[in-house]
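Peer 1: Now for the letters of each chain:
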Amino acid sequence: MDVFRSKKMNRRTVTLGSAAAFAAITLAPGIKLAAQEAEDQLEVFSWWTAGSEAAGLDLLFAAFTAMAPDVEIINAAVAGGAGSNAQAALQTRLAGGDPPDSWQSHLAKELESRYVEPGYCEAIDDLWEEEGWGDVIPEGLAAQSTIGGSKYIIPVGVHRGNVVFFNKQVLADNGVEVAETISIDEFFTIADTLKAAGITALALGSKDGFETPQLFENILASRLGAEAYVGLWDGTTAWDGDEVKAACEDLVKVLGYVNEDHPALTWDGAMSKVMEGTAGFTSMGDWAYGNAVVAGVQDTIGYAAHPGTDGIFISVVDGFVLPVGAPHPNNARTWLKAVGSAEAQIAFAPNKGCIPARTDVDASTLNAYGQWSAADFADSAVVPSNAHGAAAAPKFQAAIGEACVNVLVSLDAASFQMELADAAAAAELGS
Amino acid sequence: MAAEVAIPPQHEIERAHKSRFDRAIGPLLLSPSVILLAIFVYGFIGTTIWISISNWDSAITDWSIADPWWKVYDALFHMTRFQINIRNTIVFTVFMLLFAVGLGLIFAILLDQHIPGNALFRNVFLFPYALSFVVTGVAWRWIFNPETGINVLIDTLGINWVLDKLGMGPFAPKWITDPRVIGDLGSIIPLPDIIKAQIGIPAAMIPVIIAAVWQLSGFAMAMYLSGLAAISDDVREAASLDGASMWQLYRDIIIPLLKPITISCLIILGHVSLKIFDLVYAMSGRGPGYATEVPGIFMFDKTFKVLEYNTGAAASVVMLFMVSLVIVPYLARSMKDV
Chain A
1 MDVFRSKKMN
11 RRTVTLGSAA
21 AFAAITLAPG
31 IKLAAQEAED
41 QLEVFSWWTA
51 GSEAAGLDLL
61 FAAFTAMAPD
71 VEIINAAVAG
81 GAGSNAQAAL
91 QTRLAGGDPP
101 DSWQSHLAKE
111 LESRYVEPGY
121 CEAIDDLWEE
131 EGWGDVIPEG
141 LAAQSTIGGS
151 KYIIPVGVHR
161 GNVVFFNKQV
171 LADNGVEVAE
181 TISIDEFFTI
191 ADTLKAAGIT
201 ALALGSKDGF
211 ETPQLFENIL
221 ASRLGAEAYV
231 GLWDGTTAWD
241 GDEVKAACED
251 LVKVLGYVNE
261 DHPALTWDGA
271 MSKVMEGTAG
281 FTSMGDWAYG
291 NAVVAGVQDT
301 IGYAAHPGTD
311 GIFISVVDGF
321 VLPVGAPHPN
331 NARTWLKAVG
341 SAEAQIAFAP
351 NKGCIPARTD
361 VDASTLNAYG
371 QWSAADFADS
381 AVVPSNAHGA
391 AAAPKFQAAI
401 GEACVNVLVS
411 LDAASFQMEL
421 ADAAAAAELG
431 S
Chain B
1 MAAEVAIPPQ
11 HEIERAHKSR
21 FDRAIGPLLL
31 SPSVILLAIF
41 VYGFIGTTIW
51 ISISNWDSAI
61 TDWSIADPWW
71 KVYDALFHMT
81 RFQINIRNTI
91 VFTVFMLLFA
101 VGLGLIFAIL
111 LDQHIPGNAL
121 FRNVFLFPYA
131 LSFVVTGVAW
141 RWIFNPETGI
151 NVLIDTLGIN
161 WVLDKLGMGP
171 FAPKWITDPR
181 VIGDLGSIIP
191 LPDIIKAQIG
201 IPAAMIPVII
211 AAVWQLSGFA
221 MAMYLSGLAA
231 ISDDVREAAS
241 LDGASMWQLY
251 RDIIIPLLKP
261 ITISCLIILG
271 HVSLKIFDLV
281 YAMSGRGPGY
291 ATEVPGIFMF
301 DKTFKVLEYN
311 TGAAASVVML
321 FMVSLVIVPY
331 LARSMKDV
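The listed protein sequences derive, respectively, from chains A and B.
Mapping of the first sequence onto the numbering used here: residues 1 to 431, in sequence order.
Mapping of the second sequence onto the numbering used here: residues 1 to 338, in sequence order.
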């Protein structure tokens, strides 16, 4: 009898416990943790934790402090290349209803599918109006900042994805001269010369998964030109067409010139090969140049637009957004004004190794590369990067990434193109 | 008379009070952990299962059930990439357990011989276990980089020079960059049509297994050492009096006596191995052609990068199922023992 009763008691406790647990789960999203009432803080989320990037972020903070001296800044940066880990951490916070006051995002599709569609971001058309950003930020970037007719982000710094970096000494030793622009055919001729000399023509690191899609989008741009390249992402250029076929074949051909240990390397490992002189070229975004600057070897490192992409600027742009339900909305708006200012952008760019998003700033404080890039930015067709999330929604981007993983092993251009075309069909572009 | 019976004596009332309190205190003390377990383990497992059969495949939360409800699982098991993941996990688990537990046993038996420097070796073998998997992964990635790692050592030692003199090619494996899959089960026995992945041993997985064995065999060794210490000297003396050789002593007496330790090792390392993420992520990542990708990496990728929450949740549920296959029989067994 006693045993029975105690068992019953246990069962009831368990039932009660589960009921309480269930209630807690269902109610949890409704319970807001006591938020800081006074607006004496600003929490900014980014993935700028490495040396010069962190220094750049500090200068943005300084610009904010000049406008709001009494506000304490909380730097919520999460480390990880190309934001791979940071985005996961941020997504968890947003889904849990705990947004920081502002966070870093790339423009266009990444902004749209990750943050605007789920309703995490507030439109900032009024800020664009007030600060006159529409007049100083180029058309291409303004369009990438606009989702459904409203502006949601203020671009801060612009990187270029379609750059090749090369070791001038290695090329000179092998009797190769590089003009200011390189055509696709010229590149393959040079690559043959280097290969014959036993040097890796193109250094690649494919471990992180974004490097091969980036190399491929550079090749796509070289074969399609700016307009058709943009058409790939809105459905007006066919993925099963002849130009894409040529690009797929080029990629497979290029893979014949890369280092064998690419699956064990990331992009910076590939850049190191160029800096050390064991490889001739690497095709990477211009953040790679920062490694050469840090190592003090920028004099031996040359640069040009990725072969065949002169006049095209594949942009990788960082900006900041205003969240819905920011803990400190007024500070967040001040922060956006600060990072959108000419002073902050020109202070930030040299450290980050990018160029300002505003075209009304004096580029003379940038290094030689930055000045070259800024001049090209003003003259070129500015198009979005897929490898960095701006051109395609995450699913299509991931499908292209998977196709790239497969082609690295299969080296089969036809099946690669078929896989891409299937992914494009599944993505229902332009609908 | 009847009235007298109706009033219980004072001490009985006290006892009834006390026992009611006693009965309540157990569940009361347990309830915080029961509630926490209910929320943070079973509640979240339930939520994950729900997400895995839902339509939530973007940043926009969507709890509605897919039609048919097994849609996500169907797509998952038809995905070549996920089939490769499962193959990799099984290969990794089987070989890692075999070598980690085997080497652990050998080390333990050797150390049990009371050789000089016993304590030193015990610590040397156990130290790797104290490292984080991420540290192990990064270090072994450098070692198994074919252009800068162990191959340079092989070359420096002159092994390739000797092979060259013997008319053989250089010994320069591609280690973690090797996309080949050794063997093809499909060519030996007919596999169901659904299996599109090549069922064999991915070459790039071998270095990862070596790194895991390096790290985990020390744990198995420590377990076996404690098991060996628990075997009474009487047993050994009795065996030697009966004329058993060293080999017979270990094969017929000691190793069978260590069976509970072996089972514990297999269970503990087995569930670590089925859930492995950090070591592989830091060492080789997805590997060439997903040769080293495991479901943990797939889940991280799908959930947080692609935002296909339902696919990620389904992969988690599959991992949970695989781990339960190992854990549940063990629990059932230990319950029976109690």
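Incorrect hints may appear among the rest.
Unchecked claim - Selected chain B positions facing chain A (Cβ under 7 Å, derived; list incomplete):
#1 55
#2 59
#3 60
#4 62
#5 66
#6 166
#7 169
#8 170
#9 172
#10 176
#11 177
#12 272
#13 289
#14 304
Because the hints were derived from the structure by calculation, they are not lab data.
Note that the structure is predicted; figures quoted are calculated from it, not measured.
Cβ coordinates follow ideal geometry from the N, Cα and C atoms, glycine included.
Peer 1: Each of the hints needs a verdict: does it hold here or not?
Peer 2: Right, here's what the structure says about each hint:
1. Hint status for residue 55 of chain B relative to chain A: violated, with the closest Cβ pair at about 14 Å, above 7 Å.
2. For residue 59 of chain B, the interface hint holds, the least distance from its beta-carbon to any beta-carbon of chain A being 4 Å, beneath 7 Å.
3. With its C-beta approaching chain A no nearer than about 5 Å, residue 60 of chain B sits inside the 7 Å limit, and its interface hint holds.
4. Taking 7 Å as the C-beta cut-off, the interface hint given for residue 62 of chain B is violated, the closest approach to chain A being about 10 Å.
5. Because the smallest distance between the Cβ of residue 66 of chain B and any Cβ of chain A comes to about 16 Å, over 7 Å, the interface hint for this residue is violated.
6. Using the Cβ-Cβ criterion of 7 Å, the hint placing residue 166 of chain B at the interface with chain A is not satisfied: the shortest such distance is roughly 24 Å.
7. With a cut of 7 Å, the hint placing residue 169 of chain B at the interface with chain A is violated, because the nearest CB-to-CB distance is about 15 Å.
8. Interface restraint check: residue 170 of chain B against chain A, minimum CB-CB distance 13 Å, threshold 7 Å, status violated.
9. Checking residue 172 of chain B against chain A: minimum C-beta separation of about 10 Å lies over 7 Å; hint violated.
10. The beta carbon of residue 176 of chain B is positioned within 7 Å of a beta carbon in chain A (closest approach about 5 Å), and the interface hint is therefore held.
11. The closest approach between the C-beta of residue 177 of chain B and any C-beta of chain A is roughly 4 Å, which is under the 7 Å cut-off, so the hint is satisfied.
12. Below 7 Å, beta-carbon pairs count as interface contacts, and residue 272 of chain B has none with chain A, the closest being about 22 Å; its hint is therefore violated.
13. This hint holds: residue 289 of chain B has a C-beta 4 Å from the nearest C-beta of chain A, less than the 7 Å allowed.
14. A hinted interface residue such as residue 304 of chain B counts as satisfied when its beta carbon comes closer than 7 Å to some beta carbon of chain A; here the least separation is about 3 Å, so the hint holds.
The structure fails to meet hints 1, 4, 5, 6, 7, 8, 9 and 12 from the earlier list, while all remaining hints are met.
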